[in-house]
Amino acid sequence: MDKRKEKKYLSEWGFKSRSKYEKFIKGTIEDLEFIAPQVFKIFKDKVIEWEQDFFKDKGERFFAETISPPNEKLVKSPERVIEKILESWKDYDQWKAIPKGQRGQEPIRHDHKDFIHTMNDLIRFRVVCNYLDDVKYIGKKFWNFAKKCKGIELVDCIDSIETPYPERRAGHRALQFIFKYLSNKDPIRFEVQVMTQLQHAWDKKDHHLIYEYVRIKKGDKIPVHLKNRMAAMSEVLYVADNVFDSLLTEITKIMEKNRI
Amino acid sequence: MNNIGHLITVNDISTGKKEFLFLYITGDEPEGAYKYVIQGIRNLRLPVEMRSMAEIQADPVTDFSRVEREHPDIIGRRIYKLPVSSFFDEGKSSFQRKLFLSGVRNVIEKKGAFFPTNRLTAVATGSDFFDREDIIKKIWNHIEGDQNVLLIGPRRYGKTSIMREIENGAIEHEFRPVLIDLESIFTPQEFVARIWVEVEWPDKTEQEKDEKAQEIEEKVVDRWFVQGEDLFNKILKKKDKVLFVLDECPYMLDSFLGKEKADGGEISSSHRENTDRFVKWFREQRDRTKGRCAFLLAGSINLKPYLKDNKLDKDSFSECKEVRVDFFDSKTVKTYIQSLLLGQEILLSDEVIQELVRLNTPGIPYFIQVVMNHVVFLYRGNPNFSVNDLMEMYHKKITGPEGRRFFDTFERHFKRYGSRKPGAFEMLKELSDADEKGLERQKIEKIYTASSGSVSKSEFDIILRYLQYDFYIEKIKGTEKYRFSSPILRDYWQKNQR
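So the sequence lines, in the order shown, correspond to chains A and B.
Number 227 in the working numbering belongs to position 227 of the first sequence; there are no gaps in the numbering.
Number 421 in the working numbering belongs to position 421 of the second sequence; there are no gaps in the numbering.
Just chain A, with the same shape it has in the complex (with noise of 0.2 Å):
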């Protein structure tokens, strides 16, 4: 976002310099710190928990690990909330401009102070899963748990496992939950992605060779057909996944009629 835009929401909320408004942001997300290793706690001891229920008379193999983001930085970083505030406001004034009729669906503008309501990954981690299948059966769990548990309720999940086209748009297959955490005296919303081990290769890919650059605006001087190929792998990867799910029922099927 350019400075002066920048600058007139600052001004509009009362900041005089960026500087300050990280302060204030730095401020009122300095309990997430110590929420989100108590939430990451639960959902990492339920998948463990989960994963003994699945190989219950079963041979043993890599199922499925709940993992962090790089650096333990479970909670976004006060810059990048800054910077997704920002820019919702921005979209939000864009789509604004657009002639009533013609309008899409209204953009989540986040509120410069509440935003801690609106915001659903401030706090984020991932579970990747060996097979397809494996995310399927932690995403059942993860709906009977958010039913049963007290200190936690299902806001959402988003599928773009089985989005079919066209709705389905470029990026990594996986099961987005967003739960809230009731435990805390003020309800704290968190983010789950469920994917494969191929997906989350893939994803890690795509962070560095062009979700980093999209983000920085310099998104445009990656060529169309580049961007194409970049999506085109998740949807290998996404074909590869079906694969391995194919030869693990079909050997596992062997196997069981050969020990008869």
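One should not assume that every hint holds.
Stated by the list, open to error - Mimicking DSS-like on lysine-lysine, the simulated pairs with C-alpha atoms at most 30 Å apart in a straight line are:
id, chain 1, residue 1, chain 2, residue 2
1, B, Lys-17, A, Lys-73
2, B, Lys-81, A, Lys-20
3, B, Lys-81, A, Lys-46
4, B, Lys-98, A, Lys-185
5, B, Lys-280, B, Lys-239
6, B, Lys-209, A, Lys-26
7, B, Lys-204, B, Lys-237
8, B, Lys-98, A, Lys-26
9, B, Lys-239, B, Lys-209
10, B, Lys-18, B, Lys-81
11, B, Lys-92, A, Lys-185
12, A, Lys-73, B, Lys-35
13, A, Lys-16, A, Lys-136
Hints in this document: simulated from the structure, not taken from any laboratory.
Starting from the known structure of chain A, arrange chain B on it as the hints suggest.
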């Protein structure tokens, strides 16, 4: 599954040495515990003297098994792995600042480990030497103000550890330390010879020192006071200021008085004269070397009533400032107990900790170490032991006959009361039965008079003072009652001394 939490790094900037704690969340800690503890650590306001020397960091960890990758400086280092609630006071819903700060002090000031180790049979030094900062500070204030110090505290109360700390800090305070245990000095000649050797040949082996001392002792014979004076003259000419740290001064005087030989009987006049001459001479040397030599004298009985009682010059130590080794209060006892436990990654319930604090307050380091040594054994056998198990162990292994060896030193000390021993014995017997409520002074006096046959009020006053100075008994505030100072000693006395 306890692998999520914060890695705490305590960095000694001056040496680059780091100590690590991994404080993990269990999921069932009290509400807010995690936040209070980590924020407490992050916002910890260090005492001024440590501020420029210490750096404390708290970094989140979401998978402890990978911690070495994120924090390579921990590779090969010891990490205390503890639940975050170890530093949370549930009753007050707050961070246990004192407990954490004592660990930081161990790392930064004592250059040791974060938690102390239980040095039951040895003199505690470095980070194993717990608390007592105030006493150390007080002693240095006196010494630096050219005042000699009389450190009063019975054996096993941490006196020798304090003296060692002073010895270790001497160079920093621009003193050359000379530490001598006077208990093994039996004559003034030996005293002079030992000082001579330690001052002139500090780097020789103990055996060489003994041989040299023997040689000097034979030479000085009756001229010990002249030779001794010469020695102090030499010291006055030396470049360095000397700090004499002399332990068990009254025991040495006992030997000079020939008390062992007298075995509670009359002290010979020649012994008394010789001792009196020594104490006066020693005082002269201290006065004359003021500003160049400092003396830290210690004794497990108080010198002032001792001099009076033995008819020695009462002013011979009057220039010394008294510093008393006090008991630990309940807060310090709790911090010490928790530090010893956490150092071994032992977690006990609040109920058991409270009971341990009750048993050990007022706190005597030695008794705490005895109890905690047994607690560790108990824990290794059954990590979920109850208060009942603790009490069973306490009565059986500590205050019962099996624990007799822990109290040998007190019995030995008690023998020093000479002819007053039977009366004192009866007093303590009755006081041990009286529990925490204690007994009225009048009643104790009656007990003493009945058992010793003495009707002198001053005699009773002396023994009462001795027992108080020796930390056996204490006056209950706002009353005329007395009781045992230490519940452990009381329980031991009740069971074994009848």
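Each hint, compared with the structure:
Between the alpha carbons of B/Lys-17 and A/Lys-73 the distance comes to roughly 27 Å, so the proposed pair stays at or under 30 Å and holds. Proposed proximity of B/Lys-81 and A/Lys-20 is contradicted: the alpha carbons are some 38 Å apart, above 30 Å. For the suggested pair B/Lys-81 and A/Lys-46, the alpha carbons sit about 22 Å apart, so the restraint of at most 30 Å is met. As the CA atoms of B/Lys-98 and A/Lys-185 are separated by approximately 29 Å, the hinted pair is consistent with the 30 Å bound.
Between B/Lys-280 and B/Lys-239 the CA atoms are separated by roughly 27 Å; this keeps the pair inside 30 Å, and the hint holds. A hinted pair counts as satisfied when its Cα atoms are at most 30 Å apart, and B/Lys-209 with A/Lys-26 does not qualify at roughly 66 Å. Our distance criterion of 30 Å between C-alpha atoms is met by B/Lys-204 and B/Lys-237, whose separation comes to about 22 Å. Restraint check for B/Lys-98 and A/Lys-26: the C-alpha separation of about 28 Å stays at or below 30 Å, so the hint holds.
The suggested pairing of B/Lys-239 with B/Lys-209 holds, with an alpha-carbon distance near 22 Å, which does not exceed 30 Å. Taking the CA atoms of B/Lys-18 and B/Lys-81, the gap is near 15 Å; set against the 30 Å cutoff, the hint holds. Taken as a hint, the B/Lys-92 and A/Lys-185 pair is honoured in the structure, with Cα atoms around 20 Å apart against an allowance of 30 Å. Restraint check: the Cα-Cα separation between A/Lys-73 and B/Lys-35 comes to about 17 Å, which is no more than 30 Å; the hinted pair holds.
Straight-line distance between C-alpha atoms of A/Lys-16 and A/Lys-136 comes to about 48 Å, which puts the hinted pair past the 30 Å bound.
The structure fails to meet hints 2, 6 and 13 from the earlier list, while all remaining hints are met.
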